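Colleague: Work the whole structure out from these sequences, hints included.
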Amino acid sequence: MSKQITRANIAKDEVPIAHRRYRKVLIVTVLLTSIVAVVPLVIMTGINFRQYRNAFNFEITRPMLRFVALGQQSMATFLSQRHAMLERIARENTLAELQSSDTLTGILADIQTTYTDVIDLGLIDDRGVQISYAGPHDLRSRDYAFFDWYRQLRVGGSSVSDVVTDYTGVPHFNMAVQHRGDDSHLFTLRAAVDANAIHWLGNFETFGYRDHGSRCQGCHSLGVQASSDAFLINGSGVLQTPSLHYGQALAPSLLPSLPARSEATLVELEDGTGQALIVSYADVAGSPFRVVLVSPRTALHAGSMSLRRDLLIFMGVSILLIVAVVIGGSTYVVNRAREADLKRAVYYHELEYANKMAALGRLSAGVAHEINNPIAIINQSAGLLRDLMTWSKERPSREKILSLTNSILNSARRCGRITHNLLGFAKHMEVEHEKINLDRLLREVLGFLGKEASYRQIEVAFDYSGEPPSVVSDKGQLQQVFLNIINNAFAAVEDGGRIEIGIDPLDEHSVAVSITDNGAGIAEENLAHIFDPFFTTKEGSGTGLGLSITYGIVKKLGGSIDVTSEVGKGTRFTITLPTGEPDA
Amino acid sequence: MHEQGLRVLIVDDEQELVSAIGERLGLRGFRTKGVTSGEAALDYLAEHSCDVVLLDVKMPDLGGLEVLKRIRQLHPDTQVLMLTGHGSRRDAEEGMRLGAYDYLVKPVSIGVLCRLLQDAGSHAKKDHTET
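Just so you know, the protein sequences line up as chains E and D, in that order.
End of the first sequence sits at 584 in the numbering used here; the numbers just go up one at a time, nothing left out.
End of the second sequence sits at 131 in the numbering used here; the numbers just go up one at a time, nothing left out.
By construction, these hints were calculated from the structure, which means they are not laboratory data.
If you're wondering where the values come from, they're calculated on a predicted model, not measured in any experiment.
Backbone N, C-alpha and C fix where the C-beta goes; we use that ideal spot for every residue, glycine too.
Hints may contain errors.
If we take Cβ atoms under 7 Å as the criterion, some of the chain D residues that face chain E in the derived model are [what the hints assert, rightly or not]:
hint : residue
1    : Glu14
2    : Ala20
3    : Ile21
4    : Glu23
5    : Arg31
6    : Asp102
7    : Lys106
8    : Ile110
Selected chain D positions facing chain E (in silico; Cβ < 10 Å) [unchecked claim]:
hint : residue
9    : Gly63
10   : Gly85
11   : Pro107
12   : Val108
Modeller: Here you go:
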């Protein structure tokens with residue numbers, strides 16, 4: 001028997017195709033799983049980055065706006081207090097009183113107890129000439145008619161000048177109010193305010209103390225970056241207070257001109273040196289002053305850059321891990337699947353063989369009888385020959401000896417034919433395509449069942465005319481298919497039943513072989529399951545694998561199998577086979 | 001060896017086997033008759049009496065078991081020895097149940113066959129004398 005179907009045999013045959021197939025499965029699995037795992041990670045990381053950056057920016061810019069708003073408010077308070085002071089002096093004194101320098105000096109001394117930053121006081125007539133003065137310099141008769149702040153008085157009734165360092169050598173700014181006296185004369189009261197008082201936006205309590213050249217103390221306490229710069233500028237961008245990075249008071253700030261804003265506003269810009277900045281600013285109403293807070297953008301970006309780097313590292317490491325796990329896992333699973341498939345193929349092959357042997361086993365009664373009969377003839381003929389030689393007085397005739405030896409030879413030939421058929425049947429396990437005469441093949445298969453048919457008076461009819469077409473297929477497997485089905489037909493019919501075998505060429509590419517019995521038939525609820533593995537109605541005697549294996553073989557040979565049945569009338573199996581070699 | 005010789009009817013569908021066994025038993029003193037079908041055996045027994053029938057179980061048309069049933073019905077004096085192939089041993093046992101004297105599995109040795117025929121024959125004679 002050619003039971004040489006080993007794992008190695010099957011593996012060798014199937015490896016090239018299987019290898020490609022599993023490789024493709026592996027690649028597709030790895031790609032799909034990776035995409036499904038990595039894409040959401042990338043999207044989430046991107047969203048996270050944006051959210052963090054926005055929150056981060058907000059954390060940096062909000063204190064800047066608050067800082068500037070507070071500065072603006074403090075400056076406004078500072079100016080309005082001094083403005084009210086001037087208004088009060090103008091209201092409570094007559095023009096004549098104010099024209100007296102002694103009176104004015106007294107008033108100055110009085111207000112300096114409250115406002116130490118007020119340097120001097122002056123009364124200006126409606127032509128712009130200072131007619132009375134109290135203070136450290138001799139500024140009586142000074143003409144202010146062409147000063148900007150004086151001209152602004154005509155419009156608003158009060159004004160605040162830019163910070164100047166004129167002949168006095170002290171940085172200061174002028175505040176003035178216009179007042180109409182009892183005699184309808186218009187006069188102006190002017191005070192010079194020491195600019196040092198607003199060097200840190202006028203209010204030390206709110207913003208803390210700041211040394212020149214050191215870090216912004218107030219900034220830190222308000223949550224503004226320590227590298228920020230806070231100062232006042234006027235409408236032309238000239239520094240009104242000293243700055244950390246843009247020089248002393250009265251130096252140009254190098255900042256581009258920005259539109260007036262009464263609310264704290266944030267802009268991103270570049271200064272004259274090309275440095276990227278975030279600037280928060282607000283104008284102080286009724287004055288030329290603008291509160292400015294400048295932070296370098298790099299400080300802002302340094303935070304988001306490190307955030308971006310951290311997120312990129314996290315994402316990179318995660319992707320590497322995911323891909324490594326996916327590749328490892330998929331390789332493992334696909335390898336296991338391949339091993340399982342290979343094992344299954346081997347088991348299936350063994351199962352097919354076992355089925356064929358079982359089918360042959362079922363024929364053994366007939367085969368034993370077929371072999372026993374000629375052996376019995378040989379036995380008795382030889383025995384008779386010896387009897388004649390031993391017991392007869394005269395030698396047996398030449399005819400007698402010839403007839404007996406012919407009997408022996410014929411019987412021996414009969415035995416040989418049976419064993420030859422049987423061996424031929426069992427050995428065809430390797431798939432080998434050859435041209436097969438269907439009529440001869442069917443008759444060979446029936447040869448094993450011929451005796452049973454005759455003992456049970458089962459009529460086997462070949463129902464076709466003409467030369468039946470031949471097919472290119474595997475002989476051993478076709479034998480198995482027909483043996484399984486014809487065996488079933490023999491089992492289905494009663495003694496005296498009928499089995500019809502038909503061969504119908506369908507077209508030049510296919511041929512149908514039908515095996516019809518007039519036996520018990522198959523119940524409709526069972527008909528759908530007869531090709532399922534382990535489905536059997538022969539409780540205790542069948543494995544339920546015969547038709548399942550038959551189905552598998554027919555599929556493998558590129559054909560199809562169909563069954564129709566009616567209970568009590570019989571069953572017809574139709575096997576359609578390709579006449580040519582099946583596509584591998 | 002037998003003054004009168006047992007009358008043996010050999011029934012088998014193989015003509016060559018029937019004639020070879022017949023001749024060998026003849027040489028050993030049996031009176032034999034060979035037929036190749038169940039019908040022929042029943043026909044023969046309808047007209048002739050016989051001590052032992054050597055009956056093949058598997059035969060086309062009328063099978064051995066059917067023939068055995070009819071012999072036991074029609075000719076209760078006649079003993080039946082069943083002759084079977086390996087695969088039909090179960091049929092032979094069924095034959096025993098139906099009243100066969102014994103069964104033999106092919107191929108049989110002539111010595112064993114003779115002894116069983118003698119036993120069956122003396123059994124038949126005994127039955128005969130009792131009735």
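Colleague: Run every hint past the structure and note whether it holds.
Modeller: Structure-based check of each hint:
1. Glu14: Holds. Min distance 5 Å.
2. Ala20: This interface hint holds because 4 Å falls under the 7 Å limit.
3. Ile21: holds (5 Å)
4. Glu23: holds (5 Å)
5. Arg31: Where the cut-off is 7 Å and the nearest Cβ of chain E is about 17 Å from D:Arg31, the hint is violated.
6. Asp102: violated (17 Å)
7. Lys106: holds (4 Å)
8. Ile110: holds (5 Å)
9. Gly63: The hint holds - D:Gly63 has a Cβ within 10 Å of chain E, the shortest such distance being about 6 Å.
10. Gly85: Interface hint status for D:Gly85: holds (4 Å vs cutoff 10 Å).
11. Pro107: holds (4 Å)
12. Val108: Interface hint status for D:Val108: holds (7 Å vs cutoff 10 Å).
Consistency note: the structure conflicts with the earlier hints numbered 5 and 6.
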